[in-house]
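2 protein chains.
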Amino acid sequence: MEKSFEYEQLWRFTKKVFASIGSGEEHAALAATGLLRADLRGIDSHGIARLTGYVRLWDAGRANTRPDIKLVHETPSTGVVDGDKGLGLVVAPFAMDLAIGKAKNVGSGWIAVRNSNHFGIAAQHAMKALDEEMIGIVMTNASALVSPTFSIERLLGTNPICVAIPAGNEPPFVADMATTTAANGKLEILQRKNQEAPQGWIQDKEGKISTNPHELKSGGALLPLGGDFEHGSHKGYALGAIVDIFSGVLSGANYGPWVPPFPAFIPVPENMPGKGIGHFFGAMRIDAFRESYAFKKDMDQWLKRFRNANPVKGFEKVLVPGDPERFMETDRMKNGIPLMGSVVDELNKLADRFKIPAPGL
Amino acid sequence: MEKSFEYEQLWRFTKKVFASIGSGEEHAALAATGLLRADLRGIDSHGIARLTGYVRLWDAGRANTRPDIKLVHETPSTGVVDGDKGLGLVVAPFAMDLAIGKAKNVGSGWIAVRNSNHFGIAAQHAMKALDEEMIGIVMTNASALVSPTFSIERLLGTNPICVAIPAGNEPPFVADMATTTAANGKLEILQRKNQEAPQGWIQDKEGKISTNPHELKSGGALLPLGGDFEHGSHKGYALGAIVDIFSGVLSGANYGPWVPPFPAFIPVPENMPGKGIGHFFGAMRIDAFRESYAFKKDMDQWLKRFRNANPVKGFEKVLVPGDPERFMETDRMKNGIPLMGSVVDELNKLADRFKIPAPGL
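Protein sequence lines, in the order shown, are assigned to chains A and B. Under our numbering, the residue at position 280 of the first sequence is numbered 487, and the numbers go up by one with no gaps. Under our numbering, the residue at position 201 of the second sequence is numbered 408, and the numbers go up by one with no gaps.
These aren't lab readings, by the way, just hints derived from the structure by calculation. No experiment lies behind these values; they were computed from the predicted model shown. It is possible that some hints are incorrect.
[What the hints assert, rightly or not] Keeping only pairs whose Cα atoms sit at most 27 Å apart, straight-line, the calculated DSSO-like set for lysine-lysine is: (1) LYS415/A x LYS520/B; (2) LYS412/A x LYS524/B; (3) LYS482/B x LYS415/A; (4) LYS520/A x LYS503/B; (5) LYS520/A x LYS556/B; (6) LYS503/B x LYS335/B; (7) LYS504/B x LYS277/A; (8) LYS424/B x LYS524/A; (9) LYS277/B x LYS415/A; (10) LYS482/B x LYS511/A; (11) LYS503/B x LYS277/A; (12) LYS311/A x LYS400/B; (13) LYS277/B x LYS393/A; (14) LYS210/B x LYS400/B; (15) LYS482/A x LYS511/A; (16) LYS277/A x LYS511/A; (17) LYS277/B x LYS482/B; (18) LYS503/A x LYS524/A; (19) LYS482/A x LYS504/B; (20) LYS520/A x LYS415/B; (21) LYS335/A x LYS520/A; (22) LYS210/B x LYS511/A; (23) LYS415/B x LYS400/B; (24) LYS504/A x LYS424/B; (25) LYS556/B x LYS393/B; (26) LYS335/A x LYS556/A; (27) LYS223/B x LYS400/B; (28) LYS412/B x LYS311/A; (29) LYS524/A x LYS393/A; (30) LYS412/A x LYS400/A; (31) LYS524/A x LYS415/B; (32) LYS393/A x LYS210/A; (33) LYS210/A x LYS223/A; (34) LYS503/B x LYS482/A; (35) LYS520/A x LYS223/A; (36) LYS556/B x LYS524/A; (37) LYS520/A x LYS210/A; (38) LYS424/A x LYS524/B.
Okay, chain A solo, but in the shape it has when bound (with noise of 0.2 Å):
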């Protein structure tokens, strides 16, 4: 049974579980918002739904409500940052805003981070250069799910890539995706409706190809971008490994199979060689490469004819990325965020333990 819910509600109670589990006012705030734009987006897999796994974090120790993030090494352009083990929802905003700055001062800003934990959609982070008039990148690891090309051990996490591009009065380019053929999220709805994957999502544990959907519980794997050598899948690995990199090697976290888990229930991996999971952020200044004006038009221009494009008959239109995320966001800020009955009932074990108002309440 799916209901309905206005966002305010969902951030009223969202931000109380966080104040529960010891977020101060800001924090909870901040997490709050970052945790339902996933939501808004319409990247159900990574908002509300997540909330519980977040507290399950805290209660295992795994995740530091009342962190001391610190920018422990610098130059003028680039940095990085501990997370002390902080909610990724409150390490990533303080990471992004710290390569924003050094954009102002030097042109561009390039943040790597430590130690920290799950920061929802890394589209919400990007998007925050939008509004500065910079382009903004973001990128984290996450645990292994991904298996490399010609491999049947699973090495890399779905590891997104976002980045966001300001136009002058077309609406933005956002591009976020994770580096596989599918990301967990898709393959997650095919096992609850217990549906077949397409072939070049999965493979088995023997590294052959394969749709059942929960191959992943018996030693099976999600796929990189192209689904197999042929397909290009080489260069989805590729990608993965830049993103845990990146992310993981230049900032001292964990990376490759160290990566620790979101849930709280699958032990960390031994010998891990680094402090949590890793992020990379960056900013690039729009007018430290041309005049302001004379980017936005040819953005604008380059916008327009995307979105022109003769389409395929039988499709409506040609999408620029970032477009399905922002009409649904229109959608749900307007009409309310359709939440699972699961989902419902989990936040209500949240509302009885933490003794607050459930949502909607």
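Dock chain B against the given chain A, drawing on the hints supplied.
Same frame as chain A, now just chain B:
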């Protein structure tokens, strides 16, 4: 008929050809080294097989062999270079050196380039950063052969991304990839052999999946990495778009369907909004993030873990991006570079025209 040549033989010949079309001593040497790096690394489509193409661009007045390459805008970490219609093989090293210089000063350097031409393989430029203990990042746009997801129009080039990352004792990570399912060079091989292309590489003029390798001649298009929407082609499309915007829009070069083609016999698009083709170069100093020894230790562990991963049965080992090209470079430097008979014929024609010894003589 294939024939093998020593690298030095081809280098001397190539340098003389560039000198014959007006390049000065230093530029001719730089262009020869750049062009042949593709042959050494096994990317035959981008090497000496294109030499005649560069000459034709010069014949058509579309390449300037005496360019006044200039930094026209800058901040401490960013800048824009105008290539003055120069050969990309000469413009790119100038821009990459600037990026490296800025990284030395402020941690990272980012240079967008306009008014350039084809620059050979991206990897050679990105790999310059490795010697400086920096990460190198290189992109370029190219004339439109690729359709966005759901479109029948060709609006993007094969727009490659290269990222080169140094290590300690292990050979470095060098990913250099077109943002399409298959690079155009791979399709050209199938065209010569008249072999079918795998599904997911190309579409026909109506946007239907096709396996006819000649489809581009009748209005078809290459497909973004992923192939179709179900397999993530919207991600490949987004990647190609990011490369186009960073290279073209940020620099003031042409972009999208307005990027001028490499073959001089194809007319340039009408109403070009910018100058020439665009590139984007980045360099990040490792020690601008972490102490160099700590990064190298972790990077070596990363590389060893992936190189020693369990392979799928039937495959010998798991590769790291750049491994196949490195093996090839060692082999061809030692054993020579094989060229197809048709390429040798073209080189001999250049020798006749410019009254220089044919390669190998």
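Quick check: which numbered hints come out false for this structure?
Result: hints 3, 4, 5, 9, 12, 13, 15, 16, 21, 22, 24, 26, 27, 28, 35, 36, 37 break, sorted rising.
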